[in-house]
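Quick note, the sequences are listed as chains U and H, same order.
Position 289 of the first sequence, counted from 1, bears residue number 289 in the working numbering, the numbering being contiguous throughout.
Position 91 of the second sequence, counted from 1, bears residue number 91 in the working numbering, the numbering being contiguous throughout.
Honestly, the hints are just simulated from the structure, not real lab data.
Heads up, some of the hints might be wrong.
[Said to hold, decoys possible] In silico PhoX-like links for lysine-lysine, alpha-carbon gap of 25 angstroms or less:
no., chain 1, residue 1, chain 2, residue 2
1, H, 78, U, 11
2, U, 98, U, 150
3, H, 37, U, 11
4, U, 152, U, 11
5, U, 16, H, 78
6, U, 16, H, 24
7, U, 222, U, 11
8, U, 225, U, 201
9, U, 16, H, 37
10, U, 16, H, 33
11, H, 75, U, 11
12, H, 37, U, 222
13, U, 225, H, 33
14, U, 139, U, 98
15, H, 17, U, 221
16, U, 225, H, 98
17, U, 152, U, 201
18, U, 183, U, 134
19, U, 98, U, 3
20, H, 33, U, 221
21, H, 75, U, 331
22, U, 225, U, 267
23, U, 201, U, 139
24, H, 24, H, 78
25, U, 152, U, 170
26, H, 75, U, 324
27, U, 16, H, 75
28, H, 24, U, 222
29, U, 252, U, 3
30, U, 152, U, 225
31, U, 11, H, 17
Just so it is clear, the structure is predicted and the values come from calculations on it, not from any experiment.
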Amino acid sequence: MVKFGIEFVPKESYWKILYYAIQAERGGFNNLWITDHFNNRNVYVTLTTAAIYTNKITFGPGVTNPYLVNPVITAQAVATLNELAPGRVVLGIGAGDKTTLDSVGVEMQKPLTAIQEAIEIVTKLINGETVAYKGEVFKTAGAKFLFKPKGKIPIYVGAQGPKMLALAGKIGDGVLINACHPKDVEYAVSCVREGVKEAGKNYDEVDVTAYTSFSVHEDIKKANKAAVPVVAFIAAGSPPQILERHGINVKKAEEIKEALKVNDWGKAFSGVTPEMISAFSVCGTPDMCIERISELLKSGISQFVVGSPISANVRDGINLISEKIIPHFKK
Amino acid sequence: MIDLTFRNMIETVPSDKRGLLSEKLTDVLLSTKNDEKMPSELANAILYHWQRNLLLVEQGLATLLEAASLLEPEKTTKVLTELSLTEIAERVEQASAKTEK
């Protein structure tokens with residue numbers, strides 16, 4: 001049965017995120033993902049409070065990166081969280097986004113190698129091992145925790161490109177695919193399957209997750225309006241081959257990008273087309289969202305994550321998903 | 001410590017209006033842009049009651065009213081007036097005017 005996750009960005013106050021987290025847990029969501037960007041509030045502080053205020057929802061960073069947070073610190077953070085909420089912690093890790101790393105002068109060095117090495121270090125440390133590791137990106141000299149970590153912490157790899165998707169399938173317990181359209185998810189899943197096969201695992205051992213931009217409202221116009229800003233940024237950042245895959249005019253996306261650069265929100269947002277909304281978000285009335293999620297499920301995903309904006313009114317959005325969408329898939 | 005004035009105000013709210021009042025005050029708080037005005041003690045009290053599904057009972061509702069009055073006095077007064085809780089609306093308005101002075 002498909003799992004439902006929800007993502008929050010701790011740019012919001014902690015009390016709003018926790019209010020929504022409690023609401024989401026009650027509404028039948030299985031997973032809570034908190035984004036990790038240095039310029040927002042800290043992900044682990046947010047997750048700690050979520051651990052205290054919730055009882056059963058699984059949670060973790062969605063996603064951290066090994067460049068800004070050394071893998072030993074990531075391992076320490078999730079191992080400590082797992083003491084607070086045993087069995088409810090997962091780790092989402094990816095290469096991060098170049099813009100954010102550039103802004104702090106950190107190079108995204110060998111992302112595939114970095115992720116592989118980071119996961120090896122994290123896994124060994126949370127298994128209580130002493131880690132003497134000489135990787136190409138990371139090195140440790142006998143690193144070991146002075147406490148005994150308990151339990152298994154599933155590791156999800158955030159991935160977009162074909163090589164990272166295959167690696168994620170190979171070494172991850174889960175994969176977080178940043179995609180909303182069945183065409184993109186189908187392609188991503190085919191890459192994940194290659195990695196899974198290479199590792200000699202069964203596909204259903206891996207929790208393959210569509211991590212989406214989501215906007216639901218009973219009024220389609222309001223759903224679209226809430227989705228537009230997020231879609232504008234995604235369209236502006238998408239490579240031409242992705243835009244062409246969805247029949248989107250590359251020049252139009254370029255115009256949005258230029259408008260965003262100079263903070264001309266009006267021009268940027270008015271440039272968003274229905275094709276862009278369809279390609280880069282799961283958006284519409286509850287019935288329309290159910291239809292899209294059903295299509296994505298056919299691609300082979302096992303978790304569906306509701307990400308920003310969720311709805312024009314987040315509280316109402318969570319209620320709609322809990323009352324009309326999740327029950328449809330839990331019948 | 002939650003301000004007892006708000007608890008006293010909530011005691012005067014008829015039980016059939018408490019559910020709607022709780023919903024509307026929650027909406028006011030979740031849609032506010034004045035997050036920085038929220039005292040953490042009050043935020044934690046709201047979460048404590050929400051976690052236990054107690055935002056409908058007097059103590060929980062009082063935390064919502066206190067927070068909403070602090071963060072969004074005008075919207076709070078409007079909600080109270082719409083629910084014909086005019087006496088409380090006046091008291092919130094007076095308290096807000098005092099705070100501004």
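Hints and how they fare:
Simply put, residue 78 of chain H and residue 11 of chain U have alpha-carbon atoms about 28 angstroms apart, too far for the 25 angstroms limit, and the pair is violated. With a C-alpha separation of about 34 angstroms, the suggested pairing of residue 98 of chain U with residue 150 of chain U is violated against the 25 angstroms cut-off. Proposed proximity of residue 37 of chain H and residue 11 of chain U is supported: the alpha carbons are some 16 angstroms apart, at most 25 angstroms. Taken as a hint, the residue 152 of chain U and residue 11 of chain U pair is broken in the structure, with Cα atoms around 30 angstroms apart against an allowance of 25 angstroms.
Of the supplied pair hints, the one linking residue 16 of chain U and residue 78 of chain H holds, its CA atoms being roughly 22 angstroms apart against a limit of 25 angstroms. Straight-line distance between C-alpha atoms of residue 16 of chain U and residue 24 of chain H comes to about 15 angstroms, which keeps the hinted pair within the 25 angstroms bound. In summary, the hint linking residue 222 of chain U to residue 11 of chain U is supported, as the alpha carbons are separated by about 23 angstroms, within the 25 angstroms threshold. The hinted pair formed by residue 225 of chain U and residue 201 of chain U fails the criterion: a straight-line CA distance of about 42 angstroms is larger than 25 angstroms.
At most 25 angstroms may separate the alpha-carbon atoms for a hinted pair to count; residue 16 of chain U and residue 37 of chain H meet this at roughly 13 angstroms. For a cut-off of 25 angstroms, the pair hint linking residue 16 of chain U to residue 33 of chain H stands: about 11 angstroms separates their Cα positions. A threshold of 25 angstroms between alpha carbons decides the hint, and for residue 75 of chain H with residue 11 of chain U the separation of about 24 angstroms falls inside it, so the pair holds. Between the alpha carbons of residue 37 of chain H and residue 222 of chain U the distance comes to roughly 29 angstroms, so the proposed pair goes past 25 angstroms and is violated.
A threshold of 25 angstroms between alpha carbons decides the hint, and for residue 225 of chain U with residue 33 of chain H the separation of about 19 angstroms falls inside it, so the pair holds. With a CA separation close to 22 angstroms, the supplied pair residue 139 of chain U and residue 98 of chain U stays within the 25 angstroms bound. Straight-line distance between C-alpha atoms of residue 17 of chain H and residue 221 of chain U comes to about 32 angstroms, which puts the hinted pair past the 25 angstroms bound. A threshold of 25 angstroms between alpha carbons decides the hint, and for residue 225 of chain U with residue 98 of chain H the separation of about 39 angstroms lies outside it, so the pair is violated.
Between residue 152 of chain U and residue 201 of chain U, the direct Cα distance comes to roughly 18 angstroms. Compliance with the 25 angstroms bound is thereby established for this hinted pair. For a cut-off of 25 angstroms, the pair hint linking residue 183 of chain U to residue 134 of chain U is broken: about 39 angstroms separates their Cα positions. Using a Cα cut-off of 25 angstroms, the hinted pair residue 98 of chain U and residue 3 of chain U is violated, with the two alpha carbons roughly 30 angstroms apart. Note on residue 33 of chain H and residue 221 of chain U: the hinted pairing holds, with a Cα-Cα distance of about 24 angstroms set against a maximum of 25 angstroms.
The suggested pairing of residue 75 of chain H with residue 331 of chain U is violated, with an alpha-carbon distance near 41 angstroms, which exceeds 25 angstroms. Restraint check for residue 225 of chain U and residue 267 of chain U: satisfied, since their Cα atoms lie roughly 14 angstroms apart, inside the 25 angstroms limit. In summary, the hint linking residue 201 of chain U to residue 139 of chain U is not supported, as the alpha carbons are separated by about 28 angstroms, beyond the 25 angstroms threshold. Under the criterion of a C-alpha separation no larger than 25 angstroms, the hint pairing residue 24 of chain H with residue 78 of chain H is consistent with the structure, at around 10 angstroms.
Restraint check for residue 152 of chain U and residue 170 of chain U: the C-alpha separation of about 18 angstroms stays at or below 25 angstroms, so the hint holds. At most 25 angstroms may separate the alpha-carbon atoms for a hinted pair to count; residue 75 of chain H and residue 324 of chain U exceed this at roughly 30 angstroms. Straight-line distance between C-alpha atoms of residue 16 of chain U and residue 75 of chain H comes to about 18 angstroms, which keeps the hinted pair within the 25 angstroms bound. A threshold of 25 angstroms between alpha carbons decides the hint, and for residue 24 of chain H with residue 222 of chain U the separation of about 20 angstroms falls inside it, so the pair holds.
Between the alpha carbons of residue 252 of chain U and residue 3 of chain U the distance comes to roughly 36 angstroms, so the proposed pair goes past 25 angstroms and is violated. In summary, the hint linking residue 152 of chain U to residue 225 of chain U is not supported, as the alpha carbons are separated by about 41 angstroms, beyond the 25 angstroms threshold. The hinted pair formed by residue 11 of chain U and residue 17 of chain H fails the criterion: a straight-line CA distance of about 34 angstroms is larger than 25 angstroms.
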